[in-house]
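Asks: Listed here are the chains, written in short residue letters.
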Amino acid sequence: MKVTTLKINGQLVSASPGATVLEAARENGVEIPTLCELEGISNVGACRLCLVEIAGSPRLQPACVTEAAEEMEVQTDTERLKRYRRMTLELLFAERNHVCPVCVANGHCELQNRARENGMDHVRFPYQHPDLPVDITHDRFGVDHNRCILCTRCVRVCDEVEGAHTWDLSGRGTQSIVITDLNQPWGEADTCTTCGKCVEACPTGAIFRKGSTVCEMEHRRDRIRFITDARKKQEWNP
Amino acid sequence: MEKSELEAIADKERRARKPVCVSCCTAAGCLSANGGEVLEGLRAAVPADGADERIEVRAVGCMKLCSRGPLVRTQGPAGGTEKPPDEILYERVAPADTGALIRAAVNNVRAEHPAIDLSQPFFTRQKPIVLENCGRIEPERIESYIEANGYRALHLALREKAPAEVVKEITRSGLRGRGGAGFPAGVKWALVAKSPSERKYVVCNADEGDPGAFMDRSILESDPHRVLEGMAIAAYAVGASQGYIYIRGEYPLAINRLQSAIRTARRLGLLGGRIFDSPFDFNVDLRIGAGAFVCGEETALMASIEGKRGSPSPRPPYPAEHGLWGHSTLINNVETLANVAPILLHGADWFASVGTEKSKGTKVFALAGKIANTGLIEVPMGISLREIVEDIGGGIPGGRVKAVQTGGPSGGCIPAEHLDTPVDYESLASLGSIMGSGGMIVMDESNNMVDVARFFMEFCMDESCGKCIPCRAGTVQMHGLLKKICDGEATADDLALLENLCDMVKHTSLCGLGQTSPNPVLSTLRFFRHEYENLLVAEAIGT
Ligand SMILES: Cc1cc2nc3c(=O)[nH]c(=O)nc-3n(C[C@H](O)[C@H](O)[C@H](O)COP(=O)(O)O)c2cc1C
Ligand code: SF4
Ligand code: SF4
Ligand code: SF4
Ligand code: FES
Ligand code: FES
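Read top to bottom, the protein sequences are chains W and S.
Residue numbering for the first sequence follows the numbering used here, starting at 14 and increasing by one per position.
Residue numbering for the second sequence follows the numbering used here, starting at 626 and increasing by one per position.
Source of the hints: derived by calculation from the structure; they are not laboratory data.
Hints should not be assumed to be uniformly reliable.
[To be verified] Chain W side only, calculated, beta carbon under 10 Å to chain S, not exhaustive: (1) Lys15; (2) Val16; (3) Gln74; (4) Met133; (5) Gln188.
Where a beta carbon is used, it is the ideal one built from N, C-alpha and C, also for glycine.
With the sequences and hints as input, model every part of the structure.
Replies: What follows is the structure, given as structure tokens:
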């Protein structure tokens, strides 16, 4: 098998053919922070946390959608990138209502983890405190828009893996909101099969199993990759 | 359709012309000032006593000095007479004035009605290429376009040039994209032409969303066939057989005229199958946008044509490799495509002789703001901002120019001391602004630059699609900080935070909207920093 050789943070590494920069980094034990990316579904390059510097490219490139190329020189952890990542996280925390101590996902939240890992210890921007609903009309699950970071994992997993396309986006800009069916309450969304894939995929406390209280909502995000691998590669053991 | 048939149509049209011609603007600007009734009035006023053999009333497109509309032009008996044909452009014509204008035209005298001086720089300094037919031909009659040499370039391309030669001609002309970024058109065409994709598409971007811009609208309303001809030539050159025009729903008149232009072109065999008896087929359909600014961004535009949510995707892949439904797609702006037919007809060298080393040809601007003459202008690249503002625009009556804004929400403010800057892509960029699609706003001392920046940031905030975090949440915070400064509540720390945030949003956003949204702030900070600093307070209020 022909491999791609490239340099990540000065280290010569090899990557599987067709791998993205993110995959190449992971194959070689280099961590790049991500939020919208989830193994098993398509990538949209939306959260911008995984931006890296590539020698010769005037623009920062999202590692999750950039294919690794021969002789590419990638920097994943410069001071500038760290500064941008912290600021991106600050913007997210200020955008909606993240009150971790009373959140179902406290301790199991990717947003919280990214903040800790990237040294985001305070927020310099005024909190927007939007007035957002919580929908608990579904029998088994709920969605709390106050915790949503609009990563669209739920939209993608529901469409691409379950094939139901219950979720979508409505509105634009900071008024965007994830909706079920044609903006009906989740409990009335006929297309929902109650498969729970969005629940597993959600990086934050936005989508949760009913009955979970503070700190109890653990998402099994690797289940999505398990399902797609099983289907595509016939690999049944994770 | 044969070339001879085309000439026959043109001849017939020429023979049908009458000695006295009264043209009424029927583009949106004048129509909104009651131009429709003026046209009806003119038509009704033509006497049925034999004079109607000598006089015709034509519904033409924009005559450029839109702010003084409705405009009516009368031309005296052309050719053969002792006097050269007189051209008079009457301003602010009301339906009640039409009888007098027609009587005067019939008698070949000047009516007692305010007329615009056609020898002023506003007209003489312009260089019409894209707008050469604008205000001259009747946009709703294909015969009128054919009389003005229409569809000859398409014939030339299909019958006398190989696709690769057409691409080469466009490349040699130096034409660059007029939609904002200024990417060389020939390079883009060559990429699509080279693509192995078995289906290809040509898309005309008519989403024109910059606040105050109306260049593309005017072109489409005044000369729709020229854009169709440009698309057909582009399609032939790259190997596409289907085209789409993505046009915003706020342009009902342009949509109507395009629809009727497509219909008549198809009826004459200038669109459809085997055009000019060549093996080339080409069809064009309209796609109507719902008025989201971001849908002008090419990847969002294509998503919207495919029926998906109009939000951008990371590039690469570029539309030339992976466009509509995954096929190679050429996407050009209206004005870019409107330059194509004249380039083929008159040659790349002729086009390249206009403009500067790196910016060839002309640029259409929608001139607005505090100056005397506002309207549609087309100027050669390389003309100085001063010539545009002071000569063509007539300066600011009783005031002083403070800055010129170009590029709308993606651009910047160029201060008065740089008015001698030539208008070309590189010079404007070196001053932190951009050529943009053609919005140009002249500001005087009464404009507060922080407020200008705040206005454009509000626009970007409202128009952000919300896909990526830096733009979605960053524009909200930048707007909040700008508002705080305007309200006199911000400290030096707030200003520093704003600058940090501008840097971050510029370099991390997914598409051009977010990436350029800090430009109005950065450019006003660069030249008018004191206006920001004057508004700061020493201590945060309430601490
Ligand atoms: C937010 C945004 C809005 C845009 N709006 C327009 C538009 O209204 N019209 C247009 O022609 N190009 C627009 N563009 C540029 C297009 O993405 C694209 O570059 C252009 O249509 C290419 O045509 P050209 O090469 O002929 O300029 C926009 C870009 C961005 C980022
Ligand atoms: S979603 Fe995550 S970051 Fe937000 S409140 Fe819950 S735990 Fe905290
Ligand atoms: S609900 Fe969860 S998965 Fe869906 S967009 Fe919001 S944060 Fe992402
Ligand atoms: S930069 Fe703004 S408009 Fe562009 S993708 Fe990001 S959120 Fe959407
Ligand atoms: S993980 Fe790459 S942009 Fe979100
Ligand atoms: S719209 Fe009538 S002159 Fe421009």
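Asks: A separate judgement is required for each hint: does it hold in the structure or not?
Replies: To see whether the hints hold, each was checked on the structure:
1. Lys15: Not OK, violated: lysine 15 of chain W not within 10 Å of chain S, min 22 Å.
2. Val16: Because about 22 Å separates valine 16 of chain W from the closest Cβ in chain S, which is outside the 10 Å limit, the hint is violated.
3. Gln74: Result: holds, 8 Å to nearest chain S Cβ.
4. Met133: Nearest chain S Cβ about 13 Å off; hint violated.
5. Gln188: OK, holds: glutamine 188 of chain W within 10 Å of chain S, min 7 Å.
Violated hints, listed in ascending order, are 1, 2, 4; each of the other numbered hints is respected by the structure.
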